[in-house]
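With the hints as extra help, turn the sequences into a complete structure.
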Amino acid sequence: MHTRLVTFQFESPKACDELVAELDKVNVAIIEQLDYVGLLLAAIVDLHEGHAEAIAAAVENGSAFVANGQPDA
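Heads up: the sequence shown runs through residues 48 to 120, numbered per my numbering.
These are computed hints drawn from the structure, not numbers from a lab.
Each residue gets a CB set at the ideal place from its N, CA and C atoms; glycine is no exception.
Hints are supplied without guarantee of correctness; some may be wrong.
[What the hints assert, rightly or not] Pairwise CB distance ranges (calculated): (1) Gln56 to Glu96: 47 to 55 angstroms; (2) Phe57 to Ile102: 56 to 64 angstroms; (3) Leu88 to Ala68: 29 to 37 angstroms; (4) Asn74 to His95: 27 to 35 angstroms.
Right, dumping it as structure tokens:
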């Protein structure tokens, strides 16, 4: 794409129309990829939050065990 722009005929309406059509396709592909990455990031956040709660609970239980000599029931 970028090397093609070196010889691109900017004065040609036909060439401009073809470029716009090509870039529209590229934009659709980029949007699809960004949507997919957004879903991945949301899943990572959900996993992180779930594990953060489990780790906090384990730390609290471990702290109670050390303080009392017995795990909390």
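Hint-by-hint comparison with the structure:
1. Checked against the hint of 47 to 55 angstroms, the pair glutamine 56 and glutamate 96 passes, with Cβ atoms roughly 53 angstroms apart.
2. In this structure the hint that phenylalanine 57 and isoleucine 102 lie 56 to 64 angstroms apart at CB holds, the actual value being about 58 angstroms.
3. Between leucine 88 and alanine 68 the beta carbons are some 31 angstroms apart, a value that agrees with the proposed interval 29 to 37 angstroms.
4. At roughly 31 angstroms, the beta-carbon separation of asparagine 74 and histidine 95 lies within the given 27 to 35 angstroms, and the hint holds.
Every hint, counting from the list given before, is met by this structure.
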